[in-house]
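Here is what each chain is made of, one letter per residue.
2 protein chains.
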Amino acid sequence: MHDLTIGGELGGTKSAAILLDGAGNILNEFRCPTEAERGREAVLENIVAAARAVAGEDFGRVAAVGLGAPGPLNRREGLIYQAPNLGWQNVPIVRLLQEKLGRPVFLENDANAAGFGEWALGAGRGTKDMIYLTVSTGIGGGLILGGRIHHGRDDSAGEVGHTIVLPDGPLCGCGRRGCWEALASGTAIARAAAEALKGGRESRIRELAGGDPAAVDAAMVARAAREGDALAREVLDRAFYYLALGIVNLIHLLNPEAVVICGGVSKMCDELFIPVRRMVAEWAYAAMVRDLPIVPAALGDRAGVIGAAMVARAILRD
Amino acid sequence: MHDLTIGGELGGTKSAAILLDGAGNILNEFRCPTEAERGREAVLENIVAAARAVAGEDFGRVAAVGLGAPGPLNRREGLIYQAPNLGWQNVPIVRLLQEKLGRPVFLENDANAAGFGEWALGAGRGTKDMIYLTVSTGIGGGLILGGRIHHGRDDSAGEVGHTIVLPDGPLCGCGRRGCWEALASGTAIARAAAEALKGGRESRIRELAGGDPAAVDAAMVARAAREGDALAREVLDRAFYYLALGIVNLIHLLNPEAVVICGGVSKMCDELFIPVRRMVAEWAYAAMVRDLPIVPAALGDRAGVIGAAMVARAILRD
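From first to last, the protein sequence lines are chains A and W. Read left to right, the first sequence gives residues 0 to 317 (numbering that gives the first Met the number 0). Read left to right, the second sequence gives residues 0 to 317 (numbering that gives the first Met the number 0).
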């Protein structure tokens, strides 16, 4: 009986595996260093070892392995185009792992995998259409529509961070101006605070950064805001304003049943849900925000591995 | 043998019906005035008469009727909540028509129906994910994702016209500022030109409007631009800029296989495709715009009835 599924996650420094039964219960978990510095073969052996370790003597019951990996990648060809953290280019990971594991392996973008995990067994459970947002260094996303990950033509859908919300706004890492992540991500928060400090503004943030504006990060801004610092409050208010604006746009476009938010910024500033919900409720069409959950993710750092396993299950079932 | 499908469209002044065979061929068409002023019963009788007339002696072969109607409506309950053009409120149109026609009737928002028509048999044929945009008085849309209309929780998905592309931008009819349709629709074009005229700008548009800025419409601006008028050119360039910007956002979010554009503005200014394609290609991720068709709709005013018929077929098939 092949009733178990393994979910794996391939990270720049750490990797993880989880074993799920047919009801979505977690039977076992395993974490290990990725050891990218030891080269591709070592990384692959680590993944294989993690998969075997997490299943143990039940490996014979494993139907498939889902693997979440950083993009860009090609799901259908099972190919990781580029993983700068791993120093990889064009690695046919699915074929390599299938050979070593003797099980079907399915590849998924790590953000989509985490979003699918939250949809299947986390904060979006029971919905049909869910928007998953990671607000962290950048803003990423996963769109679960009709109970499936919406991939798009090139597996590139969900580039929410690079939708433009303020034409001619601040320069984004991608080279465009006014991208959502240039206004509402952790990087944007840190940069706005650093610029104000360089302009001479007095703020608790300066102390927290040891006097060096270049050392400011979003966590310092969040901490200073909690301590009542005016600049920190302004910077966060502006970021939350744009966060809410982008969420309104997604709601108007996709009319989801839930918006699930995770990532560093949402964890550091968990009070963000209050102003963001208020602004979204004020700006969006009433019918589309009525009883709409805008909520933190529920699975923590297990979302990716759980989602990867559920992706594999969904593909087998189809 | 029930191999035929009727598609109907209920408009404020005109209604239409079409008869499709199983291969999507148009076997017959019928148009009639809606006669909203004669009351609800008369309108219903006109639809029934149109459906019977378009099928003629083949009515016995009709499997189902799809009906495109203006929203807001509830597909699942077969209810038109409000149709101001018809003076209707909470009309259970599906039940009423099923009783009169003796066939399953399926209701769909008219913009979605037209988009689905273009996807099934028009400019988006053969794609999986297609964005359909109507750029006219407002900007509306339909999202065909994975070969299905994406409806969302409240059947309200695709409110693309009310995604905000310029915070604190011009006031929109919906009360928000900087909505896409406040910057790139026919109404936005007419308003921008009228404001420039009120400000004293010399322009051919003034003549075309008989000297009255309040009389300006987008067609006059388009005509003046073709005649080389500088103000008209500026106004259109700005509208096309925002049109392209909104399309880039949709592409980054949904990574479609085609963007199909219809509506008054795209017809009046068919040259818009050239600058819009150029800007989109410049701004969007290269992989996501490579060989991406951004094209005019192909079915003209038949898109809605064809789409309504195809919606009914798709539901029966599911």
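If you're looking for bench data, these hints aren't it; they were derived computationally from the structure. It is possible that some hints are incorrect.
Since copy identity is lost for identical chains, a pair holds within one copy or between any two.
Claimed, not checked - Distance condition first, Cα-Cα at most 20 Å in a straight line; then the derived EDC-like pairs of lysine to aspartate or glutamate: (1) Lys-127 x Asp-153; (2) Lys-197 x Glu-28; (3) Lys-127 x Asp-317; (4) Lys-13 x Asp-290; (5) Lys-127 x Glu-76.
Against the structure, the hints:
1. Lys-127 x Asp-153: Answer is between: at 12 Å across copies they meet the 20 Å cutoff, but 23 Å inside does not.
2. Lys-197 x Glu-28: neither (46 Å within a copy, 69 Å between copies)
3. Lys-127 x Asp-317: both (16 Å within a copy, 17 Å between copies)
4. Lys-13 x Asp-290: Close neither inside one copy (38 Å) nor across copies (38 Å); limit 20 Å.
5. Lys-127 x Glu-76: Between copies, since 18 Å is at most 20 Å while 27 Å is not.
Hints 2 and 4 from the earlier list are contradicted by this structure; the remaining hints agree with it.
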